[in-house]
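What follows is the residue order along each chain.
Number of protein chains: 4
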Amino acid sequence: MLEDLKEEVFQANLELPERGLIKYTWGNVSAFDKASQCFVIKPSGVGYAEMKASDMVVVDLDNHVVEGDLNPSSDTPTHAVLYKNFPEIGGIVHTHSTWATIWAQAGLDVPAMGTTHADTFFGSVPCARVLTQDEIDAGYEHETGNVIVETFRERGINPADVPGVLLHGHGPFTWGKDASSAVMNAVVLDEVCKMNYYTRQLNSYAEELPKRVLDKHYLRKHGKNAYYGQGK
Amino acid sequence: MLEDLKEEVFQANLELPERGLIKYTWGNVSAFDKASQCFVIKPSGVGYAEMKASDMVVVDLDNHVVEGDLNPSSDTPTHAVLYKNFPEIGGIVHTHSTWATIWAQAGLDVPAMGTTHADTFFGSVPCARVLTQDEIDAGYEHETGNVIVETFRERGINPADVPGVLLHGHGPFTWGKDASSAVMNAVVLDEVCKMNYYTRQLNSYAEELPKRVLDKHYLRKHGKNAYYGQGK
Amino acid sequence: MLEDLKEEVFQANLELPERGLIKYTWGNVSAFDKASQCFVIKPSGVGYAEMKASDMVVVDLDNHVVEGDLNPSSDTPTHAVLYKNFPEIGGIVHTHSTWATIWAQAGLDVPAMGTTHADTFFGSVPCARVLTQDEIDAGYEHETGNVIVETFRERGINPADVPGVLLHGHGPFTWGKDASSAVMNAVVLDEVCKMNYYTRQLNSYAEELPKRVLDKHYLRKHGKNAYYGQGK
Amino acid sequence: MLEDLKEEVFQANLELPERGLIKYTWGNVSAFDKASQCFVIKPSGVGYAEMKASDMVVVDLDNHVVEGDLNPSSDTPTHAVLYKNFPEIGGIVHTHSTWATIWAQAGLDVPAMGTTHADTFFGSVPCARVLTQDEIDAGYEHETGNVIVETFRERGINPADVPGVLLHGHGPFTWGKDASSAVMNAVVLDEVCKMNYYTRQLNSYAEELPKRVLDKHYLRKHGKNAYYGQGK
Numbered sequence: 001m002l003e004d005l006k007e008e009v010f011q012a013n014l015e016l017p018e019r020g021l022i023k024y025t026w027g028n029v030s031a032f033d034k035a036s037q038c039f040v041i042k043p044s045g046v047g048y049a050e051m052k053a054s055d056m057v058v059v060d061l062d063n064h065v066v067e068g069d070l071n072p073s074s075d076t077p078t079h080a081v082l083y084k085n086f087p088e089i090g091g092i093v094h095t096h097s098t099w100a101t102i103w104a105q106a107g108l109d110v111p112a113m114g115t116t117h118a119d120t121f122f123g124s125v126p127c128a129r130v131l132t133q134d135e136i137d138a139g140y141e142h143e144t145g146n147v148i149v150e151t152f153r154e155r156g157i158n159p160a161d162v163p164g165v166l167l168h169g170h171g172p173f174t175w176g177k178d179a180s181s182a183v184m185n186a187v188v189l190d191e192v193c194k195m196n197y198y199t200r201q202l203n204s205y206a207e208e209l210p211k212r213v214l215d216k217h218y219l220r221k222h223g224k225n226a227y228y229g230q231g232k
Numbered sequence: 001m002l003e004d005l006k007e008e009v010f011q012a013n014l015e016l017p018e019r020g021l022i023k024y025t026w027g028n029v030s031a032f033d034k035a036s037q038c039f040v041i042k043p044s045g046v047g048y049a050e051m052k053a054s055d056m057v058v059v060d061l062d063n064h065v066v067e068g069d070l071n072p073s074s075d076t077p078t079h080a081v082l083y084k085n086f087p088e089i090g091g092i093v094h095t096h097s098t099w100a101t102i103w104a105q106a107g108l109d110v111p112a113m114g115t116t117h118a119d120t121f122f123g124s125v126p127c128a129r130v131l132t133q134d135e136i137d138a139g140y141e142h143e144t145g146n147v148i149v150e151t152f153r154e155r156g157i158n159p160a161d162v163p164g165v166l167l168h169g170h171g172p173f174t175w176g177k178d179a180s181s182a183v184m185n186a187v188v189l190d191e192v193c194k195m196n197y198y199t200r201q202l203n204s205y206a207e208e209l210p211k212r213v214l215d216k217h218y219l220r221k222h223g224k225n226a227y228y229g230q231g232k
Numbered sequence: 001m002l003e004d005l006k007e008e009v010f011q012a013n014l015e016l017p018e019r020g021l022i023k024y025t026w027g028n029v030s031a032f033d034k035a036s037q038c039f040v041i042k043p044s045g046v047g048y049a050e051m052k053a054s055d056m057v058v059v060d061l062d063n064h065v066v067e068g069d070l071n072p073s074s075d076t077p078t079h080a081v082l083y084k085n086f087p088e089i090g091g092i093v094h095t096h097s098t099w100a101t102i103w104a105q106a107g108l109d110v111p112a113m114g115t116t117h118a119d120t121f122f123g124s125v126p127c128a129r130v131l132t133q134d135e136i137d138a139g140y141e142h143e144t145g146n147v148i149v150e151t152f153r154e155r156g157i158n159p160a161d162v163p164g165v166l167l168h169g170h171g172p173f174t175w176g177k178d179a180s181s182a183v184m185n186a187v188v189l190d191e192v193c194k195m196n197y198y199t200r201q202l203n204s205y206a207e208e209l210p211k212r213v214l215d216k217h218y219l220r221k222h223g224k225n226a227y228y229g230q231g232k
Numbered sequence: 001m002l003e004d005l006k007e008e009v010f011q012a013n014l015e016l017p018e019r020g021l022i023k024y025t026w027g028n029v030s031a032f033d034k035a036s037q038c039f040v041i042k043p044s045g046v047g048y049a050e051m052k053a054s055d056m057v058v059v060d061l062d063n064h065v066v067e068g069d070l071n072p073s074s075d076t077p078t079h080a081v082l083y084k085n086f087p088e089i090g091g092i093v094h095t096h097s098t099w100a101t102i103w104a105q106a107g108l109d110v111p112a113m114g115t116t117h118a119d120t121f122f123g124s125v126p127c128a129r130v131l132t133q134d135e136i137d138a139g140y141e142h143e144t145g146n147v148i149v150e151t152f153r154e155r156g157i158n159p160a161d162v163p164g165v166l167l168h169g170h171g172p173f174t175w176g177k178d179a180s181s182a183v184m185n186a187v188v189l190d191e192v193c194k195m196n197y198y199t200r201q202l203n204s205y206a207e208e209l210p211k212r213v214l215d216k217h218y219l220r221k222h223g224k225n226a227y228y229g230q231g232k
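Chains as they are written, first to last, in the UniProt record's numbering: chain A, 1 to 232; chain B, 1 to 232; chain C, 1 to 232; chain D, 1 to 232.
One chain only, chain A, in its complex shape:
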């Protein structure tokens, strides 16, 4: 089942090392199928060189393997929580990409310092809190998903406008309309983490991008008045 989606998820996983987002098997991509309410995800700990499209695992929203011979990514329960709570998203990426992980380890939100950020993220990318011992005991990966959802709800952020999050002490999750756009958002997040780090080191008085420019750049690419690209 879902052979096309498996191929898509497989290709998106291969993009992670190609674009320098991961080393070894430190990442995973999934994509959601609305019709079956299942998602396709990378198997756990399988090397990218030997991995095939048919190794992708089909999982339902309760984390049951529906099809596949291999164990799905150990982060599967986090993906499931996000698909359940953010119904507008079709693909999810987790990496330990260097710069996003640095901000995650520093425990800081990533402010919008420039238009590279504004073209993709409509405001700061939040850093979610560390899990408590009780949450870790209750199910680390599932509760990680809950803490992400809590972060967006409490701060009133629309996950469609800010398609990514940092997990304090861990690394980034990004999402998008499909697997490929979730990968692109992972690339952008890593790059703006790099740029924003150096901007603040270069000029500690550097200010966030004015709201008028944030709006202009985000809205010329997203929403009903967007005019970037070749239209529909």
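Please note that the accuracy of each hint is not assured.
If chains are identical, the list can't say which one is meant, so a pair holds when it fits in one copy or spans any two.
Subject to a maximum C-alpha distance of 20 Å in a straight line, what follows is the list of computed SDA-like cross-link-like pairs (lysine to any residue) [unchecked claim]:
no., residue 1, residue 2
1, Lys34, Thr151
2, Lys221, Ile157
3, Lys216, Ser44
4, Lys84, Val149
Hints are computed from structural coordinates only; laboratory data are not their basis.
Once you've looked at the hints, dock chains B, C and D against the given chain A.
For chains B, C and D alone, coordinates are given in the frame of chain A:
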């Protein structure tokens, strides 16, 4: 029309990812044809892998598409303003290259700290101000061009001597006698932004290159007494 | 003798430049054979382009060459001391990889700032002291091994839990169950040195990963309750 | 004439972009022939893609072109002064490699912070002063050579022990017994500039490598008691 220039602009666009200046479609190159008073520019949001020379768009100085099936780059009006006001230039490049964007986000001019800078830029590369709300409303990309022109006029900088600018909060534009030299100037600008950042971090007392060395290096490569290369 | 192990050590040595851990011949990998109590190691100062599997040198735990026409790595005595004292390890890697060397030159232990660290190292990676003049005179490479062993004994660190060390002023050694996992640990150590450097620069108040998360991440990949990967 | 040396110099020039030391044509390599007292050097401003071994230019120690259709590198007079004054050297490299240039722009000597440095440079790499206006007028490239020689003489540094220098505000020159070892020394210098920068940023109290370790590492690779590598 302008088939040779289309090929040249196409090749110069391909150089952007090859030289590590851009990710995805975050950049554009154009070149100007004096005879027709038109320029050739990359189409908007088209991936580099699928792009062909015949996809390049021919545009006049009033931003009308003269030939081409695709929308031109959303930054087209900025290019048009520069070709109108800086008649000595034949090619323009816009990127979000990492180091130039860092200085742009910091809102700082790039001082000449060494001969790598002096070989290409005859003094500091200026950082142009953020647009006002009125300017954004009047036409963001067109007014971006006007702010660049204003910056060079007000500061009395000759755009032939300093072939590039930073846009505060955004990124660099560079130019040159043709598309290929504009790309080279984009590479140099990014590299000197990197070097100059680290120079100041390493030694906060580091001073700008003495004027006598700036003159020597710039003038041994440019102008009527240049002796670098195989020239005539 | 040990033709399979020679091939394995040869391939693991080739991984060092491929993964960006070394330039020229600045590194070496060995692997241990329990049956013969010998180890196979890279020859000294031989370039990676011209090196063949048959050039690998077989050495016993007293540093005698058992088979091979070339001189073994000048660091051979350090490897021998580690195999003698850390009987659980099957492979050793030495490099001058950029980021691990930076921490070694700074003379600092590498704290666990994130889960990338916790997935591989169960706590800080220690930095071993500089050798005394007497130790250098007694046999620099042999005494280097002794100082590593002393560091783990005095601090009560299990080398199976923390498979690596920094040598103050020099660079890293890592180890693992075999040559290939020792290389992986060298990659991880370099990456966490990079991430942890920038984390502290970005936020000087950033704290080490809470023990509960360190435990969770290390133990979901290692030990009898591990559930990462495809199991046995 | 000197066809073998031309091939050697050509190959060494190609190594500069391959090893990430230069962009475009920002570097040059030469090698000296004792018999003819001439040296072979890269032509000025010729791109690496179109360059051939036969384009290399033969020049004597008074900067006269002895053979070749192209102009030699504009830095030729600097090379000539070094060959005249440092008779033990057989190859010279000039680049604007990023990290060595950063230290040159900062105007600082590069201290020996670790064994990566000590394996190649027997002490600090000096930063030579900026030329005066009179020196620039008298012949910039020739006087650059004189300032390098002055730096080594005044400080009592043997150019065979410390095969490189930084030019304040400009970049590095390195040398060696031949073109290929001069390139290797350029790679090492760039890497130690990078490592030493980050070492000091990470730990501002980090000290230089103790003399006993500097001696040990330098002398195990150089001089009559060297035991690194496969001997003679």
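Within, between, both or neither, where Lys221 and Ile157 count as close if Cα-Cα is 20 Å or less: within (19 Å within a copy, 34 Å between copies)
Identical-chain pair category, Lys34 with Thr151, by Cα at 20 Å: neither (25 Å within a copy, 52 Å between copies)
Within, between, both or neither: Lys216, Ser44 at alpha-carbon 20 Å: between (41 Å within a copy, 17 Å between copies)
Alpha-carbon proximity context of Lys84 and Val149, limit 20 Å: within (10 Å within a copy, 51 Å between copies)
When the structure is compared with the earlier hints, a violation turns up for hint 1 alone.
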